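Assemble the complex: chain B is given as a structure, and chain R must be docked to it using the hints.
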Amino acid sequence: MSAFEPSLSYRRWRHLKDRLAKHGVAIGGVGVIVAITLIFFYLLLVVLPLFKPAEMEAGPSFSLTDAPQAIHYLTVDEYVEVGLAVDEAGRALFFSTADGHPLERIDIELPPGARVTALGKGDPAIEILALGLDNGQVVVVKPVYKISYPDDRRHITPTLEYPLGTDPIDLDEDGAPLRAVALQMGEEQATLAAVGESGQVFVANLAIEESFLGEGFSFEQENTVIEPDLDDIRYLLVSGPQTELYLANGDGNALLYDLRDPTEPELLQRLDLTPPGVRLTSLRFLTGSVSLMVGDSRGHIAQWFPVNERGRPRLVHVREFAEQDAAITDIAPEHGRRGFVAADAKGRLGVYYTTSERLLALAPVTDVPVAKVAVSPRADAALVLDAQGRLHVFRIHNEHPEISFKSLWGKVWYEGYSEPAHLWQSSAATTDFEPKFSLTPLALGTLKAAFYAMLVAVPLAIMGAIYTAYFMSPGLRRVVKPTIEIMEALPTVILGFLAGLWLAPYVEAHLPGIFASLLILPAGVLLFAYLWQRLPRTLRAHVPDGWEPLLLLPVLAALTALAMWLSYPMEELFFEGDMRNWLANDLGIPFDQRNAIVVGLAMGFAVIPTIFSITEDAIFQVPKHLTFGSLALGATPWQTLTRVVILTASPGIFSAVMIGLGRAVGETMIVLMATGNTPVMDWSPFQGMRTLSANIAVEMPESEVDSTHYRVLFLAALVLFLFTFAVNTAAEMVRQRLRKKYSSL
Amino acid sequence: MNVRAWFKSGSPWVWLNAAAVSASILMVVGLLALIAARGLGHFWPHPVVAFTYHEGPDQSRRIIGEIQDDEELPASRLREAGYWLPDGTGERITRYLVKVGNRDVYGADFFSAASSNMGPWEYPRGIFVAERWEWGNFYGFLRQVKEAGHVVAEGDGAWTVLQERLSRVRELHDAIRRLEKDEIGAINYRMERLRLKERGYELDGELTPARKAEIEMERARLQREYETVQARLQTLYRDIRRDSFTAEVMTGQVVEIPLATVVRAYRPNAMGPFEKVGHYLAKLWEFVSEEPREANTEGGVFPAIFGTVMMVLIMSVFVTPMGIVAAVYLREYAKQGPLTRVIRISVNNLAGVPSIVYGVFGLGFFVYFLGGNIDRLFFPEALPSPTFGTPGILWASLTLALLTLPVVIVSTEEGLSRIPKSLREGSLALGATKAETLWRVVLPMASPALMTGLILAVARAAGEVAPLMLVGVVKLAPALPLDGNFPFLHLERKFMHLGFHIYDVGFQSPNVEAARPLVYATALLLVLVIVVLNLTAIQIRNRLREKYRSLET
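Residue numbers (our numbering), protein chains in the order written: chain B, 1 to 745; chain R, 746 to 1298.
The following block holds chain B by itself, in its conformation from the complex:
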């Protein structure tokens, strides 16, 4: 028996190995499949935060111990550690946002005895404020937070700066109190405006000049007085480019003045910002100081911005948010984005975004009306002052407000445009740029590229496949099939490079020839075939059936050469010697050298083999007894083909086209290189396009991780993934059913 012992352990060992292999392979196999599905879930994971609403989280709530009298101005620093309140007496109190204890108290340098009667805010992106005094003067201050890192910990030292000097600037030379004040400041000029005691408006234009050493500065001041036909002006704003002045009263009546010539302001428009009977309760600029946000007593907030109309700006109503039902008491714009926070008389706070028309959050913050609200520079916190003088800090998590279904796919009216449009413009040089994330032009570009490619590929591939599967001699087929397979393997970067650098100039130079070849090639082939038919049988016998393509190679080459050679005379004859110019001047069709025709040809080339192989397989696998039956009943081969074979194989052909479409939609390099990559919204064959995939390739390397742009590009990838996956799955199902059908036949 002992002789069997090792054998037993050996058997056990083998058994163990077998089980190990079984589980190992199972784990590995499942792991690989999971890894593949991970792609989908990861893309989804990155995309999902785009559609999340904002979250508001209540922070500390306190009263200022060293309470200033009436708070005129409220703001908070970048790290939400230091708040600032400015009061009537011109005192600035910096306080901790954790508990409200005072950190620094600065008396703003005012002329002796002067009191602050009005306060104007500059552009939201630059924290700056103008204090209008009761002696007709204005002082401009800017809170500055100096950051140092003693012991590796952040320490913020708040101070005040005087960007226009500590000397007050005269607006009302009579020295009467100012009722409202506005400020806009740029590198080289600043504009101050104020409403005087008797309703007139003072405008001061300051041309700032830096001194040579870069330390000091000086400015030249020019004052103008406007006598507006508007009572009781409460709101006064100067636009970001300092070219428009807006005046409004509590009834919503408003005036728009042109300030392009600061010495002679011109009344451009008189309008009502609110419907009759509705009070205007809050008026602020969005960042960039172009869009006006109008809050009213119904709780509606409307966006207005100037649109260029015959060279002159005209304020138009763009969109309205009707989400709050109590009077809007204050609106605080975000500093870097087109979003804002609005507080109402019921003590609620709404977080909005204009471009995407989203209400991201709406929550009660106090039981009493809100008096003032400020948003931190990173838009991650709001500081709320209620009517009883208590301050509340709210953390806001609002990463991607720019995106909504409408902003991705619908028409959006962007700032500075005269009408709503589909636009993709993800970044620009300036920081106060409004990103335009409409995927529609990209999706349209993708479909356009695919459409022109299919236009080229489908007829060629299907006809070629029909011939190869049904008529071609086996000997030739053994050569043709690998050639087409090689065609499929050609790197698309090469096709794209040839399309961009060789084909595009060639097509441009031979445009009439390209169109003529559509006619000349089929006609020439038919003519040749007919003449061939007429040749003596002995001569024809040299080329057996199924070798026609070989015969046609030189014919096609010659016909193509003929079409190209005819290109120039045709151009002379029909298009005044230059078809490009003719298109542009006579038909008004713009022409790009790298256009949809080039893409269609190059991408058609890339798609032909995909459609060809699958169609060919489908036709070749049609059971032979079907065709034999048909032929035996006296049908000609062509009749058999059209009535029996193609009909049977049509699901296969359909799936081939679908798979080809999937490939054309996702192709990147060809479109990247063969078009100008401009996101345009038209179907013209003479213009380029920008596709989803090319857009990803161009912009992904530059996008910041986890930014909205990054996630939108992931969304574009997800859209591509889902589209191709759906198309391919449909095609695959059809094919599987076809296979079952064949096997049952």
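None of these hints come from the bench; they were simulated from the model.
On a predicted model such as this, the values are computed, not experimentally measured, just so you know.
Glycine residues also receive a C-beta, built at the ideal position from the N, C-alpha and C atoms.
Hints may be right or wrong, so weigh each one.
What the hints assert, rightly or not - So the derived label-pair ranges between C-beta atoms look like this:
no., chain 1, residue 1, chain 2, residue 2, range
1, B, Ala561, R, Asp849, 39 to 47 Å
2, R, Asn1287, B, Gly31, 52 to 60 Å
3, R, Asn1287, B, Glu576, 50 to 58 Å
4, R, Gly871, B, Glu576, 30 to 38 Å
5, R, Pro1066, B, Ala726, 44 to 52 Å
6, R, Val1022, B, Arg540, 25 to 33 Å
7, B, Leu722, R, Val1022, 50 to 58 Å
8, R, Trp789, B, Gly31, 49 to 57 Å
9, B, Ala561, R, Ala853, 31 to 39 Å
10, R, Gly930, B, Ala58, 55 to 63 Å
11, R, Asp849, B, Phe575, 49 to 57 Å
12, B, Arg11, R, Leu939, 29 to 37 Å
13, B, Phe575, R, Ser912, 19 to 27 Å
14, B, His542, R, Pro831, 49 to 57 Å
Said to hold, decoys possible - Far from chain B, by Cβ distances over 12 Å, these chain R residues were calculated:
no., residue
15, Pro757
16, Arg783
17, His787
18, Ile808
19, Arg935
20, Arg966
21, Arg983
22, Glu1035
23, Tyr1078
24, Val1092
25, Thr1182
To be verified - In silico lysine to aspartate or glutamate, DMTMM-like type, Cα no more than 20 Å apart, as pairs:
no., chain 1, residue 1, chain 2, residue 2
26, R, Lys1220, B, Asp545
27, R, Lys1080, B, Asp18
28, R, Lys1220, B, Glu419
29, B, Lys740, R, Glu1159
30, B, Lys406, B, Glu419
31, B, Lys481, R, Glu1291
32, R, Lys753, B, Asp545
The following block gives chain R in isolation, referenced to the frame of chain B:
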């Protein structure tokens, strides 16, 4: 047979279908021929023409250069653009693109010349072409060769002297490059590792004075080493700058060019056929073995070839086991049913998912998520500059492995399914376990299918560019991913790739016109690699089919 009867017979449609096949074939063949002609023609020494060019009624200049391209266009278009054409010019004229070189002298490499304004073409034997490290080609007539400012040769003898001195300069140049690239590169690499080591100790709070002293000593040693190499470099630089030559260019101006800037010089018009072939082969060898010069528009593509091969190899290491295990699981172990069918369809469909989607996934998941975490865990000393948290060859290979996985799985599965059941049953009947059957019988028999899958995967990966643009490819990599510095294989490095090289040089380079021939050559190289790989795969597959056909019967 009359026309109507002929149409009724359906035969015209058959012919049209045949024409579709011919058109497809014509397109493939034409494309390959175009690339081959342009790519291979680039290295041939083109004759240099000299002609007088009339720019106005009595205004002319001499042009010397290579004819690079020509196009025919209506004369009216040139006239509209403000060109002067002599009277009696025909309606159509040819416009030549002449590469005149000497960018440092004239400011532009190219001159476009209308055939109507040209004087007769001449091919003076004395013209020589100097390829330079920068500023592109130089065309002119050699006048003198100088050593340290003194003329050593002049007139007819100057050419041989120039060639002799050029070979000396070339040797010096090689020596300089060896020093700069290898030795100084290695010293810099060790310096950087030293810095990281110090920072690592610092982060762990283990930077004891003893360790610090040790590091300082090592650093001083490297610094000394660096200084000696630097001193040697100085002498070499002095030597290489010694010689120069003067030459007359087409404007009649005589310019002096230091020999150190010249790669090679030849007189194309005076070359015999054998010399031309020699020159051609030398250029071809330079193309595949040298590094690029002049923002990739001249020189070779060796780093791109190397990068492509490395990436494909690393990818194969990942994709082969993954693909085989998944295929074996699906075909041999998983219970066949609706679930496996769904999986199979999904895997199949993944092959149709656009490659850029894989690139996006690779960037987000591999580079930022995995790479970022690896950096935080294992390379905290290098932060904030990322080690693996940035695109690199490892992530590119992994992304492409995922991209080509469906190809391998599908091909392997097909191979497994073709193996007759009888073989498996025979093995099991003889007492082998399932694992043994798989390992000893099934897999060896399916190995050609595995190979086919792998080759197709490699061919696809070699030609794929879009995802690589996101996960690791660069236009000019400072170092190869494999070198003499420990640990030799640098998976975190960025790399160059033939396909991306084509895109970059053809579309992003400042001097597209000058770079175009090189792009054709690169494209040809890539096409060759891929066509050879695919033909191999097709061959293997066909042989395999024959083999099993005989088994099945």
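The hints, checked one at a time:
no.: 1; hint: Ala561/B with Asp849/R: 39 to 47 Å; verdict: holds, 42 Å
no.: 2; hint: Asn1287/R with Gly31/B: 52 to 60 Å; verdict: violated, 33 Å
no.: 3; hint: Asn1287/R with Glu576/B: 50 to 58 Å; verdict: holds, 56 Å
no.: 4; hint: Gly871/R with Glu576/B: 30 to 38 Å; verdict: violated, 48 Å
no.: 5; hint: Pro1066/R with Ala726/B: 44 to 52 Å; verdict: violated, 31 Å
no.: 6; hint: Val1022/R with Arg540/B: 25 to 33 Å; verdict: violated, 46 Å
no.: 7; hint: Leu722/B with Val1022/R: 50 to 58 Å; verdict: holds, 56 Å
no.: 8; hint: Trp789/R with Gly31/B: 49 to 57 Å; verdict: holds, 53 Å
no.: 9; hint: Ala561/B with Ala853/R: 31 to 39 Å; verdict: holds, 34 Å
no.: 10; hint: Gly930/R with Ala58/B: 55 to 63 Å; verdict: holds, 58 Å
no.: 11; hint: Asp849/R with Phe575/B: 49 to 57 Å; verdict: violated, 43 Å
no.: 12; hint: Arg11/B with Leu939/R: 29 to 37 Å; verdict: violated, 58 Å
no.: 13; hint: Phe575/B with Ser912/R: 19 to 27 Å; verdict: violated, 58 Å
no.: 14; hint: His542/B with Pro831/R: 49 to 57 Å; verdict: holds, 54 Å
no.: 15; hint: Pro757; verdict: violated, 5 Å
no.: 16; hint: Arg783; verdict: violated, 8 Å
no.: 17; hint: His787; verdict: holds, 14 Å
no.: 18; hint: Ile808; verdict: holds, 23 Å
no.: 19; hint: Arg935; verdict: holds, 31 Å
no.: 20; hint: Arg966; verdict: holds, 33 Å
no.: 21; hint: Arg983; verdict: holds, 43 Å
no.: 22; hint: Glu1035; verdict: holds, 22 Å
no.: 23; hint: Tyr1078; verdict: violated, 5 Å
no.: 24; hint: Val1092; verdict: violated, 7 Å
no.: 25; hint: Thr1182; verdict: violated, 9 Å
no.: 26; hint: Lys1220/R with Asp545/B; verdict: violated, 52 Å
no.: 27; hint: Lys1080/R with Asp18/B; verdict: holds, 17 Å
no.: 28; hint: Lys1220/R with Glu419/B; verdict: violated, 42 Å
no.: 29; hint: Lys740/B with Glu1159/R; verdict: holds, 18 Å
no.: 30; hint: Lys406/B with Glu419/B; verdict: holds, 15 Å
no.: 31; hint: Lys481/B with Glu1291/R; verdict: holds, 17 Å
no.: 32; hint: Lys753/R with Asp545/B; verdict: holds, 19 Å
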